[in-house]
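J.: With chain A held as given, fit chain B onto it using these hints.
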Amino acid sequence: MPSPGLAVLVIDENRVRASIIEQGLHEAGHERVTVIHDVNGLVRRIAEHNPDVIVIDLENPNRDRLEAMFQLSRAVKRPIAMFVDRTDLASIEAAVDAGVSAYVVDGLKRERVKAILDMAVTRFNAYARLTRELEEARGELEGRKLIDRAKSILMRSRNLSEEEAYRLMRKAAMNQNRKLAEIAESLITAAGLLEPGGAP
Amino acid sequence: MSAHEIAAGFMPLLDSAILVVAKAKGFAEDEGVALKLARESSWANIRDRLAVGHFQVAHMLAPMPIAGNLGLTPLPSRTIAPMALGLGGNAVTMSNALWARMLDHGARETLDAAANGAALAAAIRAVPEGRPRFAVVHPYSGHNYELRYWLAACGVDPERDIEIIILPPPLMTEALANGALDGYCVGEPWNTAAVMQGLGHIATVRASIWRSSPEKVLGVEERWAGDNPEALAALLRALYRAAIWCADPANREALSALMAEPAHVGLPAEWMAPALSGDIRVSSVDIVRVEDFFMPLARGATFPWKSHALWFYTQMVRWGQVAHSPGNEAIARETYRPDLYRSALKPLGAALPAANSKIEGALTAPTPVGASGATLTLGPDGFFDGGLFDPDKVDEYIRSERS
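One line per chain: the protein sequences are A and B, in this order. According to the numbering used here, the stretch in the first sequence is residues 1 to 200, in order. According to the numbering used here, the stretch in the second sequence is residues 1001 to 1403, in order.
For the record, the hints were derived by calculation from the structure and aren't laboratory data. Hints may contain errors.
Coverage of chain B stretches by chain A, computed from C-beta distances (three or more under 8 angstroms per stretch; other residues unrestricted) [unchecked claim]:
no., stretch
1, 1036-1044
2, 1049-1057
3, 1072-1085
4, 1132-1144
5, 1164-1173
All C-beta atoms in this analysis are idealised placements derived from N, C-alpha and C, irrespective of residue type, glycine included.
Here chain B stands alone, though its shape is the one from the complex:
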């Protein structure tokens, strides 16, 4: 079989697992894809190498291709997202000092976004002179929007009451240790890393702020995708099969070990385990069970929902990164390509949602939905504040967030 040669960039994070497994466990090879993985040191590098053709595909922050297509980042090339690389997987970690202040205001070891958000708001109000400083990895990241959404819903103005800076994950734990940071929102294993080293405390997780929510996607250079539909379809099948492997509890230990290797994340396997098992170590003594902390497969985790793309777009508008217009909204919507996902995965008998969008936050319980192929169960997927996002009412949502 003649192999499709595909070069993929990834960042050393746990949620690059699907790409790593596709290569390491032979799923890419089975599908006739000679997959070459390149570990990168910044999202900017990933974007640049995709633009100049070093990579055809890459592990990307879900809002990144949208921001690029909107012309918000340097050196953008048209990038599409035909697949998501899982749901959830990140958390908010506080310095020990800030967590101690939050405890005085009712914070609990439950990871509950509402209770701990209220405690954080109270702690900030109690010391109005010192603005806490938080970090996220990128302005166009799920972490940035998730942190801001959470804080805003708890009555903290992310622009005025705190400061948010951009910092690469390996520098975050260090900054927490030396007092340069009070907290951060980042993907695993960087929250666990702080806890394991006694530097911080996990206050809440993505799954508590917005359950079943998107985090990374497979970004694909649009022109390459157009010229190589078979190669892309083969890769998507390999990734889907890798996602099935990642989701199997029997493979957890092997996956922790694989991701711990120097060529992948290059950090201890014990730091990978909590996100994969859902037994989150929130402090040196407490473990809190979060069933859906990181989901590589369940609840349609790899489907590129256009409602996810549009929600990210509303947040870009909300925080002043882009002006709202029908044209910009269309760019965001068209960046995600469920059509390519469906056509690629049909031969596998995978569960394929009939719709391209869903109302985000509407499912309070696991719900079977219309799908072809295998049965598909979605949800629960609520926002912690009970908010709903209807992708058909983008204008209304943007207006409601302004008030």
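Okay, chain A solo, but in the shape it has when bound:
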């Protein structure tokens, strides 16, 4: 069940990830969601928004500052504590694993907050997966470029057709038990060294 009415403050310097979480919270029926990327004026912002739940990423170096702020009751209107449900250590572990932490005002029902934390965890994990996939794709693209370049070096220097150059490289990769892109990279480096005048 959505739990409308809770004010949620998301602190994340990563704008993309923050908007993914914001969207998730909206989809879950939370209307009062505020996202801040910049931690300047944090005390004032917290006082303004008076949040029930604060979600913050673990990379943020301001966690110690935030926690100290919560201890000083005069800085915030209501006492805020870290979301700790001792009966459910697994959910804390999942949050830390995902790289997110939540702080909650005193007296909130745990079911209402747990749903928000669970959602943040899911979205954080989804974001991490997305970044990983992007990196892999970038690596793949980079590899393909290297292979094309190596192929043309071989074609030029040994007077081979494109098909023959490719087969030669693949054979070398299989014999040496290395990736095709690695073979291409060493070939480009070697060609650069052998060429009169240095790098190709």
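T.: Leaving out everything else, chain B in the frame of chain A:
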């Protein structure tokens, strides 16, 4: 040899050196420990990851495990401190503007805590409307208690006459530059960082406020320690051998370079050098020699004195963080575990103090003390105001600080 796998969290500060060296120079491996280091971005992360079992041990602010065991911090897990990670290593830096005001009131380039504290007090009294704002990294840090102790002893009420905020070190120099801060107390290289960039002036150092005083400890998850005594002992031996390496002047340059690496502190090696050599750059022109600025080994620097734990506890009481009770006092005392230190290091022939506690501030000169293994020399260890802390008289000390 089957390796003990241990994951350790650390913050990018110079005094994580012993942990970093244990791994980088092969001491951990020699002791059969596969040590995995993880650089963290907040003390809260270190505490949380220790609690959920990502780390078994961590570089921690010395009062942190005590505060956790007292239930003062979120997500506390029972944490013990079987070893300290050195003595000293921090300083108090002022903005150029505040330092200029202090100079008008007799501040000197000597780092002297008494003289410069008096100058600061006078400068604050002269402009009663503007409360200077200082920063420390954590409420349960040696920096917070050291700054407050110093100011209070100089007649400045840290609660009323100034404001103390919590700020992560990388943001401190920036805040000093844009006028959001007037000063801070932090570990190296963040004082040197301000001086090197022309943003501030070092006014005094830990070694002048309280010589030979504790700063960071190795925090260990208590249950893990109980279940893995051999792994912990092996790690403590590796760390002790790393401390010996860190203390050797011949390794200074290599240590500066190692700590400067992006995986460790990730700041210029020149910023590491002053703390290691003791030639402290207090301003763009002045260098002041502080023999004992940071000590990774000498004077029993890695021994977890229960009197250190109890002094931190008295300061938590003093500044209203916890109520004094025999139960709380016992929690603080039992957080530090010299027994584990002794049993682990005995095979190395290390200097092992016979006592668990000492009277803090009593030694005015280097003094050989009762120890097994190698000879041990402690002190000098005085508080700048001549104060003494007798760990057997905690009630009395707390009462005296109230008045």
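J.: Compare the structure with the hints numbered earlier in the document and write down the numbers of the violated ones, lowest to highest.
T.: Going through the list in order, the structure violates no hint and respects every one.
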